[in-house]
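2 protein chains.
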Amino acid sequence: MGEEGPRNGSRRLPRAAREAQILQVAAEMFAAQGFHATSMDDVAAACGVTKPMIYSYFGSKPGLLAALLERTGAELLGGLALMAAIPDPEARIRATLDLLITRLYEQTASWRVILSAMRGDGPLAERARGYRAALIHAMLITLAELAPPGLHRAIARRRVSPYAYALLGAAEAGSEWWLNTPGVSRVETTATASRVLDAMLALIRRDLDIPV
Amino acid sequence: MGEEGPRNGSRRLPRAAREAQILQVAAEMFAAQGFHATSMDDVAAACGVTKPMIYSYFGSKPGLLAALLERTGAELLGGLALMAAIPDPEARIRATLDLLITRLYEQTASWRVILSAMRGDGPLAERARGYRAALIHAMLITLAELAPPGLHRAIARRRVSPYAYALLGAAEAGSEWWLNTPGVSRVETTATASRVLDAMLALIRRDLDIPV
DNA sequence: GAAGTAAGTTACTTGAAAGTAAGTTTGAGT
DNA sequence: ACTCAAACTTACTTTCAAGTAACTTACTTC
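Protein chains in written order, with the UniProt record's numbering: chain A, 1 to 212; chain B, 1 to 212.
Rather than coming from a laboratory, the hints here were simulated on the basis of the structure. The structure presented is a predicted model; accordingly, all values stated were derived computationally and were not measured. Some hints could be false.
As the list claims (entries may be wrong) - Derived Cβ-Cβ restraints for the label pairs, each shown as a range:
(1) A:Gly48 with B:Arg119: 23 to 33 Å
(2) A:Pro52 with B:Thr50: 45 to 55 Å
(3) B:Arg71 with A:Ala84: 31 to 41 Å
(4) A:Leu82 with B:Ala95: 39 to 49 Å
(5) A:Glu188 with B:Thr50: 54 to 64 Å
(6) B:Asp42 with A:Glu126: 33 to 43 Å
(7) B:Gln33 with A:Pro87: 40 to 50 Å
(8) B:Gly59 with A:Ala37: 16 to 26 Å
Glycine included, each C-beta is placed from N, C-alpha and C at the ideal position.
Based on the sequences and whatever the hints tell you, model everything.
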């Protein structure tokens, strides 16, 4: 039952690794029970260390949340920047969606925390809203490029915004369905998801007055 | 600056009225700052009374949340029961959707609290998810009625189930969109929801081999 | 107009979580 | 094999919110 580490049963970790672990664990606990319902002792215990370690690395409880926010947000922005290189709008939509869904599933906990940190006020909420805005903005921009050249950009974006949410919601619910329904093949799941996506894209195009 | 009340500047309210007020105020504060970040003293002060009043009416802090949940949930179930009287499946689906949107407008704060209570564990989360499950079930039954008479019910329900999830997932995400996007009219929300619904219904019908 | 009860208060106890000071272990370099 | 810093702990203080006991005020009803 040895943990990792340079040698023996040493539980010590270099700072960078411990920080990463603490952030991961904190994200999961904050997502599961809420920020205020999770104590620093809880987080520390789940990491196998004690509270003062967290304070020495992150300063305070809001400081821990802030660090989580910055790290996750920066990763997302990096990914979105890569997507921007894809020239074709529809290909970019699919790739971006894929990226967002992948991120949502790989980092569900972090994103739940960020989304719920956005409510309320204070500098953290501002920062969180900034990242969310970036995410939504990227989706909107991409979807809006399906509009005909004649349509003003701002109008196209506004028209398209509810569909961005609906798409992500449907995708997330689809996974939940897959988890709750026994005996469904992956192929079936993928096929269904794909049909839903096609239908949504068709809908968006029609709404933007593009002949399909 | 007289408040209401039988006579003079009396701030006393009969129990039913005070309970309703407390629930309303608590819903708003829980929605704004989160359940754990809101103290009973805060709620009491915002109501113009003191803490022991809330304890005498609701027993505990979880008790207050539970009461909020039950009241809002019961109202929803009542509404759904009324929908069951509509014979035509498609009309029933539309009426149900409209009901959800109406509730969302009238009780924004309560629904925010319920949606966030669904995450996490504990009896309250179970209860909240129970209301959601009831919704999904109702939707499933109704969607399955779109199937041709020859198709066995169990098969129809199974075929339709991913769409029930997707539809409600999209609706949930749509709610989030509405909650996060200022200045959207109700007409606009309904229209968008209706278009998404149209697309989903067409998809479902095709999947059930019904000619549109 | 006295009595009873519902609405409300003050003032407390308790428990838990944020934050900290001062000390101990361990490993890496010279 | 010594030293020094980084990783880590124990053992506190402080603060704040949940929950309660005992008391007061006002409305209703006969």
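Enumerated hints in conflict with the structure, sorted upward:
2, 3 and 6
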